[in-house]
Structure formats: structure tokens, C-alpha cells
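Chains as they are written, first to last, in numbering that gives the first Met the number 0: chain A, 0 to 309; chain B, 0 to 338; chain C, 0 to 311.
Do not take every clue at face value.
Cut-off 20 Å, straight-line C-alpha distance, at most; resulting in silico cross-link-like pairs (DMTMM-like, lysine to aspartate or glutamate) [unchecked claim]:
hint, chain 1, residue 1, chain 2, residue 2
1, B, K58, A, E198
2, A, K124, C, D299
3, B, K204, B, E91
4, C, K46, A, D129
5, A, K6, C, E149
6, B, K21, B, E41
7, C, K13, B, E294
8, B, K109, A, D203
9, A, K124, C, D303
10, A, K126, C, E12
11, C, K13, B, E307
12, B, K58, A, D129
13, B, K112, B, E155
14, A, K126, C, E44
15, A, K73, A, D89
16, B, K65, B, D76
17, C, K13, B, E302
18, B, K58, B, E69
19, C, K11, B, E155
20, B, K58, A, D203
21, B, K122, B, E132
22, B, K301, C, E12
23, C, K13, B, D324
24, B, K109, B, E127
25, A, K126, C, D303
26, C, K11, B, D324
27, B, K109, B, E146
28, A, K124, B, E63
29, A, K68, A, E47
30, A, K6, C, D141
31, A, K124, C, E44
32, B, K112, A, D203
33, C, K11, B, D224
Read the hints as simulated data drawn from the structure, not as lab findings. Since the model is a prediction, treat every value here as computed from it, not as a measurement.
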Amino acid sequence: MLKFVLKRVFYMLLTLFIIITVTFFLMHSIPGDPLASMARNLPDQTRENYYAKYGLDKPVWEQYLIFMKNLVTKGDLGESIRYPGRSVSDTLATNSQVSGTTGGLALLLGIAIGVTLGIIAALNKNKWPDYLVMFIAILGITVPVFVLAALLQYFFTVQFHLLPTTGWGKPSNLVLPVIVLSFNTIATYARYVKSNMLEVMNQDYILTAEAKGVTPFNVVKNHVLRNAFLPCITILGGQIASVFTGSFIVERIFGIPGLGFYYISSINDRDYTMILGTTVFFGALFVIAQLLIDIVYGILDPRMRIKAKD
Amino acid sequence: MEPILEVKDLHVSFNTYAGEVKAVRGVSFTLNKGETLAFVGESGCGKTVTAKAILRLLKPPFAEIKEGSEIRYQGQDVVHMDKKTLSNYRGEEVSMIFQDPMTSLNPTMKIGKQIMESLKIHKHLNKEQARKEAIELLRLVNIPSPETRVDSYPHELSGGMRQRVMIAIALACSPSILIADEPTTALDVTIQIQIMDLLKDLKTKLGTAIILVTHDLGVVANFADRVQVMYAGQVLERGTTREIFQDSRHPYTWALLSSVPTLAKESKQELYALKGTPPDLILPLNHCPFAARCEHCMQICKEQMPPETVLSETHKVSCWLQHPDAPRTITFHGKEARS
Amino acid sequence: MDETMVKEPIPKEKFQVIGTDDFSGDVIARPQIGYWKDAWRRFRENKIATVSLVVLLLMIIMVIIGPYINGINYEDIDQGALNQAPSAEHWFGTDALGRDLFSRVWQAGRVSIAIGVAGALISTVVGCLYGGIAAYFGGAVDTILMRIVEVLFSIPYLLIVILISVITDSHSIFTLMLALTLTGWCNTARLVRGQMMQLKNQEFVLAANALGVSPWKIIVKHLLPNTLGVILVAITFDIPGYIFSEAFLSYLGLGIQAPNTSWGALASAAQQTFAFYPYQMFFPALLIALTMLSFTLLGDGLRDALDPKLRK
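Bound conformation, chain A alone:
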């Protein structure tokens, strides 16, 4: 098990290293330099100071080493180019709390509702609850986030004034963004849980359980659910990614000061250090989440445990 974890950690670090390095060099390969447009009108001396401040006077590989050193030793991702004095790491730390709240809630809600709907659909295969759930699931997968967000915003705020349109700080600000963000997770899980349950229900060991005299309810509870849920852990990674990217749009529409909001505005501002920092942060978050998912899966599935021992 330890060997399995270590191997996974190694791959995670490798992936992370590749993401950081590639992102860094890509950002520095942009024609012209990041400061060009801003510093054009400045006096020579000021401009040189500016370049020195961001280390842009040094060769790229040296900048890379400095960046990596600061990142590894201090967790420092540099300073915003657009807003001098604003530390990228601090901004990320503040914003990620906001995004973490909405994203975390959306994931929990999405999994809870999605799994429940999936079970209902599987147990009522080819009856109306199944059709209803699959209809919702298909909508959740096919209606783009921005359409859903616009619709809900229109009806709940503009038409009926039930909830605030945009903003942050009150619990009522959370309702619509969380619902919108969780929609894709609900849909994905409902479909996945349903198909897994149907597959498990066709297995021989379910027949064994039935032959034992286990009641239909207990067959589902003790035999079907655990085996059907296990693979659901593996698609959690994709869902985390979808909540990330969903937040880019949702935070913009609902005016939530989170990571996605700042990421998009730093792209529009061409704030290169912010873009670099946020990309690295997103990448790291995602890769670590994936690692945790792998380990949890390894712990929960007895078959994986043995493989992991070897």
C-alpha cells in the first residue's frame, strides 16, 4: 500500500512539475514581453526599474529558476503585474476560500442528489421515475452552464425577486451559483450510478444473494450499492474539474469574487503573473484531488488493496 501511495505521489509531483514548467515557458514565449504594453509610455529609467522589479531583465531560464525557488521554498508566486503590490499567492488564498465554498457545496449537493436520482432510476428501470431522472440528467449534460445560469437568474431575480441577482457575503447569494454549478454533477452521477447499478444487478453474486433469501431491499443495500458506488469515486476527478471550469462562468455571471472571476479578469487584463499563478494553483489542486481519489479508491476496493501490496 505504501509503495502504491509513494508511486502515485511521485507521478503527481512529476505531473505538477510538467504543468508548472510548461505554463511558465509558454507564458514567457508570448511575443513581446508581458510589460510591453504597460511600460511603453514610461520614462526609460522607470521602465528599467519596472523590468528589474519583476526580474524581466534576466534571461528566461534564470527567471524560471527564481520562480521555482520562490515557489518551492516560500510558496510565493510573485506579484501581479497589473496591480503592483498585490501578491499572487495572497490573492489566490483569499479567492480560493470563496470558490471553495461554492464549489465544495456544489459538489456535495451534486453528488448527493445525483446518486439518489441514479438509484431511483435503476430501481425503477423503464418506468416513469427512470424516464424523469434520465430527462433531468440529459438536460444537465446538454444545457450549457451559462444558459442555465442566465435562465435561473432571470426567473428568480428579475421576474420574481426571490433572490439577489449578484453579489457575495449573504447565504442567499450562494443559492443560485451552487445550484447551477451542481447541475452537471447531478446529471453525470445520476447516469453513472444508474448504469453501474444495472451492471452490478446482472452479476452472478447478486443471484447468490437472492438464492440465500436476502430480501430485495437488502440485496440492494448490502450487495448492489457498495459495488456500484466504488467506480463512482473514479469520476470524482472529472467532476472537480468541471466545477472548476464552471466557476469561471458562474462567478462572472453572479459577480462572485472567487478564483474563476479573477482568473478571467486577469486573462482580460493580460496580467501574466496572475495567469501563471492561477493556472499553477488550479493544476496543483486538481492533481492533488486526483491523487486523493486514487488513494481512497485503493483503500475502499479490496481487490485494489491486494494489487497495491504487490
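For this one, chain A is given, so just place chains B and C on it according to the hints.
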């Protein structure tokens, strides 16, 4: 002889894209207390379906037990049993082991827990008692160091061991009938013998009646009290093991017997292989199902279903060769077909 | 003898042994259906999938002829008719610059669907080659190639797409396609490799090998048909994926630039004034949803139809 299970005119159909496949067509038999009855026949002859029907394990709407079929366990109507009675009946009265032990155990549940499950349901034992009992059951089926094995997962055991666990699960509540559906087909030959010996042992110890579903006549000869030969969803011949192996009357039984390899046969002699395949069960078939492959086939065989001829109290056969007008035929055993 | 069951005497000549000279027993009664024919039959039985296919065909026809139907060019600006509601002249209304939305919606659909199809084709070709090579060589080559895919796969897809479009900064369709397909092929590569590896070791391929069937014939007769289904299904799921990604990027302002347009760009433009002119959002949103829906349902139907295991 005390009958505990009576099956009368059992019909089972599968609803497929091409129409209704009639997998079991009027099977009737009686199982007595403590005896072993073997269902013998080629793949797809309806023996497993019959076995599953006894436990009502067939999944509607794809598979259905037809109206008019009767399955009675100690007088109780199994076909129309309600859910609660059914769950008491399964496992406690009748239980089943399956062909492939690799897939018949829940991969994410410890084997001990899988045995304890039926103990808890039927004997209402608490966790501690059930665990103790489970260890005893594992010992009964000859699993080494059962105290530690009880906490193993299925994938940590070999195929033979898993089949032993399956037997332990099936026997947990000492049912009066055990249905063994090809219990050794997926196992190595040496393991096969061990498993069959174990079953034989347990049968004498516990007095369980066994329905053995198999295509392996060697197993049948050593193990069964009575045999029924099935073909295309029907019983063609039934009798005691002695009657079937020494005085069988149906050409299909002869074909089965002659395709068994024996050491006694001259080694160079080619093994007999029955030509052709069983009829497609989607066809209506209102004549002898074996007619098309039968060396002794007569015109009548392709026109009418033969009646069941009673040869002795136990021995019955459905074949036109028993008709007084049929030509004299010498059986596989070198005797007159018609006595 | 028990003869009571015989109701009427049977003529003696019926008891002539005729033996087994004919093998009528071997006749298989159900119709024999080939794999593709059977798949097509099951596909047609699936009404939802058939309707989806029809909707998609209509959609394709409309994006081809749609921009020309009402005779107003999608780029034409009419200062006298800003933000008009749907009317006899402008069927879907006009946008903030007075451009006709009916023509724009179909022009946008052209771009969106073209990107979806092109993206799916590129990732299929690359994915098949990559996965095929990994499966064919196996061993170390396979390990290394699949590790690379694993690393690429573990980076959030849209992050890469955003990054590439920020860096290239040109917003041409070409760079957009590059950004979208840069890692989009990974999934196909995995699928193809998995399927090939599984087939390679399956009994029927081993049997064909042992029987001396030529490798070429094994590939054409066994490997290809069995992989084709998987690829076909992957394509139907890839197309809406690319349409969605493009809509996402365009919505964020990183995709298609004016005066050209796509459904995502139209929706993005409509977003600001959504409370006042909801119809501007309605039409592109409806078409995105309808297209995605049809492709997804079509994919579901194809998957069910092409899976021989689901055959009853």
C-alpha cells in the same frame, strides 16, 4: 420415500427479439427427501433454467414461468409465493450453488460476512453467534484455518476454495434441498473430485436432498440416486442411476453414454460424437425433439410426440421405439429395447 | 406396455426407420443477422436515437442554407433596427448592432458544428494512431506512451485550452482548433488502445492466429469491426464536447471573434442584455442545447446498438 418437491408441467419462456423462446416445455418430476436427482443433458437443454425456476430466480419480464406450471415445496405453491415467504424459502428451505465460483461471490464483502448474512436472516443469530457459526461452516467444508479465512475477501481464495465457501453459504441454514448447478465445471479435475466428495460427505451428514445439474455423466454415476435426461426443455428419460447406466432405452441417452471417455475403451477407439445440434427452442416442436439427430428415427417421430412409457416404477422413457409396431432395436447396453 | 395414451392406431408404415440422413435439426430458425445489420436494426428500434439523427440532419441542412433564406447577410448592420424583437422581417429579431439574428444563428451554427466535427475528426485520427501504436508495439513503448497520456489527462482540459488561446492571442479558427484538440485526443487514444489490447488477447483472435489466418485478415475481419464501434461512439460524444468547449471559450471572449460568430459568442453577446432582450439568448441557447442533446442521445443509441453484449 417422502416427496418434498413436486414439479408439474413446468413451462418457462424467454422473450427475445425473435420471439418467444420456450426453454422449458412441460417438465415434471418429484424429489424425495434426502435423495440426489441429477439433470443431465447438453448445454441449452433447459436444465439450469429448470433449476433456477425452482428458486424463482428467473428475472421477469425477460424470463417467465408460464401459467399452469406447478412447483410445490412440501405442499406450498412456489410459483405464486409472496415476497416474504419467498425470501424465507430461499436459503432456508432450498439453496443453490452456481457454476462459476469466481463470479458468484460478492468481491467487496468478506466471505465470513457472506456466510453470516444467511445465518442472520434465517436463524436470527446475532453477529457474534453468526461469526462463530460461519467459522464452523468453513471448517465443515474443509477450509484450512477457518478462524483467519473468515476475514478473507473472495479474490484471496482459489477457485476450489471459493466453491467450498459457496457450499458453506448454501448449507448455512441446513436447507432440505440443495441445487448444485454444474458445481465443478469451472474447476480443475483434481479439485472437482474434492468438491464432489465434500458434497457427498455433507449429504450423508446433513441429509440434504440434492438436485445436481450437470453434463458430466462420470459425476452422475458416482453421485446421483436418480437421473433425468433432458433435451430441448423436455425430460426424455428418467430412472435410477442403475437403470440409466445399465438399461437405458432412449437413443439420446445412448448417445450421451457413448460419448463418455472411459479407460476401459480401447485407447485408439475414436470417441463417439453426436452429430448436429439441438433444435432451436423458438420452434414450436410438436414431435420428438431428438428426431432429427436420431439414428433410429422413424416417420412417426417427426409427426407426433411419443407418450411416456412406464418401464418400472422409477424408469420411464418417451420414445416411439417402445411402440409395439416399432422395429426391434438393440440398445447401447446390448439388450432388446422393448421388453 | 402402456398404450392407453395412443388414441388411435398408427399406421404401421410410420414405423420404418428413416435414420438421420437429413439434418433438418441443424436449421436455425431465427433469422441470421450480421453485426452491422443487427446494430442498424437495434438502432432503428430506438426511437429516441432515430429522432436525434433526424434532428441533426435537419440542423446540418439549416446551417448550410439557413444564412441565405431571408436574404439578409449575417454581417449587415442596420442602424435603424437595433435590438428588435422577432418580426416578419427579422424572424429571430436583431442584435445590439441591428444585425439579423436568424441569419446569424445559422451562420453561428455553421461555425459551431464545423468546429465540433473537425475537432472530433482530428482527435479521432490522432487518438487512433497513438492508441494503435501503443497497442501494436506494447511493452515499453506502450508504457511510455500511456504515461504521457496519463499526465496530459490529469491536467484540467479547459485550463489548457484557455492557456493556449491566451498565449496564441490570435483568435483565428486555426489556433482555436489547436487549443481544443491539443489534449482532446487523449481519451480516444486510451479507448482505442484499451479495446485493441483486449482484442489482441481474446480467444477468437488467438484462435484465428492459430488457424493461420493472415495478420491482415485478422485486422480487417476481427480487430477493425470490433474497434470501429467504440470509435464511432467516441466521435458522437466528442462532437458535442467540442461544441461545448468552443461555446465556453467564446462565451469568455477567448473564442470566435466578430464579425464571425458562433453559438457561444452569440450567447455571450446576449448575456449583458438578457433581462431586456431574452430572445437574443433564447435562440442560440436553444440550438446549442438541441444539438448537444441530439448528439448525446444519438451516442447513447449507437453505444447500445453497437454493443454485441446487449444483443438479446
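Fill in: Violated hints - listed by number, lowest first
Violated: hints 10, 19, 29, 33.
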